[in-house]
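Here the protein sequences line up with chains A and B, keeping their order. Going by our numbering, 270 is the number at position 270 of the first sequence; the sequence numbering is gapless. Going by our numbering, 1104 is the number at position 104 of the second sequence; the sequence numbering is gapless.
Just so you know, the hints here were simulated from the structure itself, not pulled from any lab data. Since the model is a prediction, treat every value here as computed from it, not as a measurement. Please note that a few of the clues may not be correct.
In silico DSS-like links for lysine-lysine, alpha-carbon gap of 25 Å or less [what the hints assert, rightly or not]:
#, chain 1, residue 1, chain 2, residue 2
1, A, Lys167, B, Lys1020
2, B, Lys1020, B, Lys1133
3, A, Lys179, B, Lys1108
4, A, Lys179, B, Lys1020
5, A, Lys167, B, Lys1108
What the simulated footprint calls covered on chain A by chain B, stretch by stretch (three residues with Cβ under 8 Å from a Cβ of chain B suffice, anywhere in the stretch; the number is not a length) [claimed, not checked]:
#, region
6, 26 to 33
7, 38 to 50
8, 170 to 176
The beta carbon of each residue, even a glycine, is placed where N, CA and C say it ideally should be.
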Amino acid sequence: MIGAGKIKQYSNVLDKPLSKGKQEVSSSAFAFLFSELVQYNQTQVDNIAELERRLEDAGYAVGARVLELLCHRDKNGFTCETTFNMFYLDHVSIQEIASLMSSNCNFCCGIFDLLNFEANRETEGKLDCWVSCLLYTAQCGKCYFGKVADSLEKGTEHEDEYMISEKELLVNRFISIPKDMGTFNCGAFVAGIVRGVLDGAGFPAVVTAHFVPMEGQHRPRTTILIKFGEEVLRREARLEHGNFNDLVKAIIATPVDVKYTISFLHSSYDLSHE
Amino acid sequence: MAAIYSLYIINKSGGLIFYKDYGSAGRMDTNDSLRVASLWHSMHAISQQLSPTVGCLGIELLEADTFDLHCFQSLTGTKLFVVCEPGTQHMEGLLKVIYELYTDYVLKNPFYEMEMPIRCELFDINLSQAIQKDRVALLGR
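Here chain A stands alone, though its shape is the one from the complex (with noise of 0.2 Å):
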């Protein structure tokens, strides 16, 4: 390659790029920062539910924000626009999708073992984009905490609830509740993360933050509680690809520490389309 390996002059400092810098923040700086958009929101607001929703829009914009930037850190070469686009294709088998995928990325086990699942019945199904959203949330995670999310798991009373759980939430690493504010969790700050990416990604859904008292632990965990838009359901109930549910729970099977990569572009979707 010409000019490979010689680091080009600039004459003057601001034409030079920024360096890449260091991936990782100051957890204190974080806590501090959250803990003054917090105290910045409780001087706006007369009640609980109140500052729970602001928290959460906060978290909606960074959310939105965070699915663009990693969308564009993909450096994968495998564009969403590809992916969803062989998704939503008929003809395409998923061992190609597999082995397309496998070729262009240095991939991931988790997905790979789930279209070897698949692969491996001999079903012409694909793979679930609803699924992959989610794998893509807990993701999302790694990106913005520093790991993955504990357990993703999906809702026993209704079809349309999945849950991320966390033992110990970034956010609420050192944070106290007083007694007078009940239920309320910083957790929400989370959820609008959460949704953000999610709405971004083309499947609206209705996110809530919540503590869930857990057995000879002082400490409750917090599980973030997703139920998908109707318009969602519509949409698979439509697509109706593959066998879901068998997808949906290989998916909760496979250790969440494993290395996801999946990209979206909203525009793939048409949720208007009927």
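Go by the hints and put chain B onto chain A.
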């Protein structure tokens, strides 16, 4: 055995913002603890003025017949002190640990108002763990 009798945290104007006693000896009611805190604050300030050494930061250790009092003052003027059995070792280290817990679980908590009494669940949990650890270490010695 109770190596540590009690722990006090006083804000920069001498108000008691946290008090906890361990063990039965030297138990005090709320008013007494408030009095002790503001007394200590004044004594600490006076000692700085009276000290013959230049740049004295105040009393670090008070040794009495029945107890030792170890004091740690942060740069912002918040003071933490423990009252413990005479001759108890490593209290400076413990005070540093407690100070760290204070900065983590109290100051980073958006629901804590500066200079006000500390009511943070996480601080209490982590504090009792730290004291517990200290006791275990003392017993093991």
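Hints versus structure:
1. For the proposed pair A:Lys167 and B:Lys1020, the alpha carbon gap of about 29 Å is over 25 Å, so the pair is violated.
2. Only pairs whose Cα atoms come within 25 Å are accepted, and B:Lys1020 paired with B:Lys1133 is accepted, the gap being roughly 17 Å.
3. Annotation: proposed proximity of A:Lys179 to B:Lys1108 holds, straight-line Cα distance about 18 Å (limit 25 Å).
4. Restraint check for A:Lys179 and B:Lys1020: the C-alpha separation of about 20 Å stays at or below 25 Å, so the hint holds.
5. Distance hint between A:Lys167 and B:Lys1108 is fulfilled; the C-alpha atoms sit about 19 Å from each other, no more than 25 Å.
6. Under the rule that three or more residues need a Cβ within less than 8 Å of chain B, the assignment of the region 26 to 33 of chain A holds, with 3 such residues.
7. Only when three residues or more bring their CB closer than 8 Å to a CB of chain B does the claim for the region 38 to 50 of chain A stand; here the count is 3, and the claim holds.
8. With 3 residues carrying a beta carbon less than 8 Å from a beta carbon of chain B, the region 170 to 176 of chain A meets the three-residue requirement, and the given coverage holds.
Against the hints set out earlier in the document, a violation occurs for number 1 only.
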